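Enquirer: Given next are the chains, with one letter for each unit.
2 protein chains.
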Amino acid sequence: MQKDSNKSVVLLSGGLDSTILLHYIVKVLKKNVTAVIFDYGQRHSRETTVAFKHALNLNVDWRKIDAQFIGNITSSTSVLTNTEKEVPHIKDVVGLAQPPTYVPMRNLMFLSIAAAVAESVSANTIYYGAAEIDTHSGHWDCSLEFLNYINKILNLNRENKISVEAPFITFSKEVIIQEGIKLNVDFTQTHTCYKGEIVACGTCSSCSSRIQGFLSAGVKDPIPYNIEIPWN
Amino acid sequence: MQKDSNKSVVLLSGGLDSTILLHYIVKVLKKNVTAVIFDYGQRHSRETTVAFKHALNLNVDWRKIDAQFIGNITSSTSVLTNTEKEVPHIKDVVGLAQPPTYVPMRNLMFLSIAAAVAESVSANTIYYGAAEIDTHSGHWDCSLEFLNYINKILNLNRENKISVEAPFITFSKEVIIQEGIKLNVDFTQTHTCYKGEIVACGTCSSCSSRIQGFLSAGVKDPIPYNIEIPWN
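Protein chains in written order, with the numbering used here: chain W, 1 to 232; chain F, 1001 to 1232.
It is worth saying that the hints were derived from the structure and are not from the lab.
Don't take each hint at face value.
To be verified - Cross-link-like lysine-lysine pairs, in silico, DSBU-like; alpha carbons within 30 Å at most: (1) K195/W with K1064/F; (2) K1064/F with K85/W; (3) K85/W with K1161/F; (4) K161/W with K1085/F; (5) K30/W with K182/W; (6) K1030/F with K152/W; (7) K161/W with K1152/F; (8) K64/W with K1085/F.
Computed from a predicted model, the values in this text were never measured in an experiment.
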């Protein structure tokens, strides 16, 4: 198959970062995108529903990957794939090397599978929504070193040199949100809360970094929260 | 969870190399093993049936991973996951950088998933049956460089340092077969042929390297072949 330099794969969760990234890749870089969306037994599977809306609205190709095995494998240790465990309050996870919401090897699996999609559709780039805060909140698999080694691995491929790019990896949540505003992204159609409800808890680590980002950007987050947020 | 230094994961396909490796890890290294077996839409899915027999006979824990999505993703390019395409004769693939039997990113996906299993069961080592011939027959994902970078990635994990070891990566097929004989492995219960039939074709690249290995070892392969092999 002929390699198309405009063809790329975007890892799309339906969260804030990957959704804004998708809009950036389509609207600014004008790439021909295949969005890869994972159903992995996550308790916040609502994220995939909103992810689809963006893929459909932007008229991009998509692949939904049925990766329930990830939930089966990781439910012994991760609260994100085991609804019998409780999602911790942000105050109980600050500073942990790996919080209970960490899903073992999830991002390595996601990128490996995205690379298989890329090689199969002859794309040469995978876009990955890792952001600066991720690596400071327990996610070694969002770090620059991780990105570097993944690229070293993919560069060993003898025919298809695919690279992973993470344009937001050094960006704060505030900067990413400002990018989203510029790109006219509908933030009501993004899902962040680990608990998975349509009304966000506002107290899990994921909600917490989203709220901080909007507060820093001086913008009210349009989604509903279960707690009072001092927007003004 | 407490890490158990004796706990390991073995990638088990049911082929010659990984089966002999499993016997080696259990009988010689005396590790507490979880065997990981993949159902990925491979045309030679018979390999998983024989893989199970060894896991059960050796009384090791196992996980079967339902990874049909690999077949869905890769069937556009790989004959191994698309039964409408033909498995090529060895003479048509010698020297190709990546033969039509190459499955995009398969081993990277397998190792990522095996690493998730390892982290979830608190194992510290993954054993991988890559052999010397693999890297010379189109499999960049069986090379020493690949192994090196995978280990660099896994070493970034902040809590669970898991390593991948490939004890046979510099071994010829002949040496691996001799190891299997020493370990009393039942070769009739291994599957190698890409075509997937119980009577091996003898002409695909996978059969070819197996036959060459037995010939070099001066031993008759006990499985049935569809062609005459000059064993004596």
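Enquirer: Hint by hint, note whether the structure agrees.
Expert: Verification of the supplied hints:
no.	hint	result
1	K195/W with K1064/F	holds, 29 Å
2	K1064/F with K85/W	holds, 25 Å
3	K85/W with K1161/F	holds, 25 Å
4	K161/W with K1085/F	holds, 25 Å
5	K30/W with K182/W	holds, 16 Å
6	K1030/F with K152/W	violated, 34 Å
7	K161/W with K1152/F	holds, 20 Å
8	K64/W with K1085/F	holds, 25 Å
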